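Undergrad: Sequence:
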Amino acid sequence: MREKLLSIQEVSKAFPGVKALDKVSLNVYRGNVMALLGENGAGKSTLMKVLTGIYHKDAGIIEYLGESASFKNPRESQFAGIGIIHQELNLIPELSIAENIFLGREFTNKLGCINWKKMHEEAGKLLKRLNIPYSTETLVRDLSIGGQQMVEIAKVLSYETKVIIMDEPTDALTDTETAALFN
Numbered sequence: 002m003r004e005k006l007l008s009i010q011e012v013s014k015a016f017p018g019v020k021a022l023d024k025v026s027l028n029v030y031r032g033n034v035m036a037l038l039g040e041n042g043a044g045k046s047t048l049m050k051v052l053t054g055i056y057h058k059d060a061g062i063i064e065y066l067g068e069s070a071s072f073k074n075p076r077e078s079q080f081a082g083i084g085i086i087h088q089e090l091n092l093i094p095e096l097s098i099a100e101n102i103f104l105g106r107e108f109t110n111k112l113g114c115i116n117w118k119k120m121h122e123e124a125g126k127l128l129k130r131l132n133i134p135y136s137t138e139t140l141v142r143d144l145s146i147g148g149q150q151m152v153e154i155a156k157v158l159s160y161e162t163k164v165i166i167m168d169e170p171t172d173a174l175t176d177t178e179t180a181a182l183f184n
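This note's numbering puts the first residue of the sequence shown at 2, with every later residue one more than the last.
Worth double-checking, as some hints may not be accurate.
Said to hold, decoys possible - Below are the BS3-like pairs computed for lysine-lysine, each with C-alpha atoms no more than 25 Å apart in a straight line:
(1) K58 x K24
(2) K50 x K73
(3) K163 x K119
Claimed, not checked - Here are the in silico distance ranges between beta carbons for each label pair:
(4) I55 x I115: 20 to 30 Å
(5) L90 x M35: 17 to 27 Å
(6) R130 x E169: 20 to 30 Å
(7) K126 x G82: 15 to 25 Å
(8) S69 x M35: 20 to 30 Å
Everything labelled a hint here was simulated from the structure, so no lab data went into it.
Because the structure is a prediction, the values reported are computed rather than measured.
From the three backbone atoms N, C-alpha and C, an ideal C-beta is built for every residue, glycine too.
Let the sequences and hints guide you as you build the complete structure.
TA: Printed below as a string of structure tokens:
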């Protein structure tokens with residue numbers, strides 16, 4: 002039997018003058034890759050933002066791991082195991098790949114100082130898993146847009162997410178980067 006991770010039942014969301022979501026229902030199962038297709042303005046991004054606490058639904062039910070879920074903000078959804086990779090990148094160009102992946106969640110030693118070695122080791126594992134050929138010390142500003150997108154993906158994976166939501170993830174990727182993402 003397939004394990005249901007996420008259930009969306011008749012979720013609606015309206016903004017002044019427009020109904021962005023009208024009784025949307027969807028189930029997400031462990032190990033499945035799903036695509037949500039639709040024209041611009043169809044509500045795909047709005048649904049993603051409702052799921053991750055950026056927007057709050059007006060009606061409907063969201064269940065995550067068998068329990069009712071309503072995330073107040075994206076951080077709550079991240080720590081619960083739902084990650085989102087937005088089309089707009091959310092990286093700091095002046096920081097390294099490792100620093101961007103673990104920003105706000107740096108590894109520290111007993112004295113509270115950043116454990117740079119562990120941070121770079123863990124970032125390196127993520128880069129290797131995604132077949133990203135960069136050093137963890139590479140500054141994000143030195144990466145292509147596709148490389149930056151791959152860092153965003155590594156960042157989401159660092160949360161040990163159960164559900165990963167991607168908003169047009171291959172749009173800025175090369176064929177090689179797209180193949181790495183699918184792997």
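Undergrad: Against this structure, judge whether each hint is valid.
TA: Verification of the hints:
1. K58 x K24: 10 Å, holds
2. K50 x K73: 11 Å, holds
3. K163 x K119: Within the cut-off at roughly 23 Å; holds.
4. I55 x I115: 20 to 30 Å: At roughly 29 Å between Cβ atoms, I115 and I55 fall inside 20 to 30 Å, so the hint holds.
5. L90 x M35: 17 to 27 Å: The hint (17 to 27 Å, Cβ to Cβ) holds, given that L90 and M35 are roughly 23 Å apart.
6. R130 x E169: 20 to 30 Å: 22 Å Cβ-Cβ, so the 20 to 30 Å window holds.
7. K126 x G82: 15 to 25 Å: Check passed, 19 Å falls within 15 to 25 Å.
8. S69 x M35: 20 to 30 Å: 22 Å, holds
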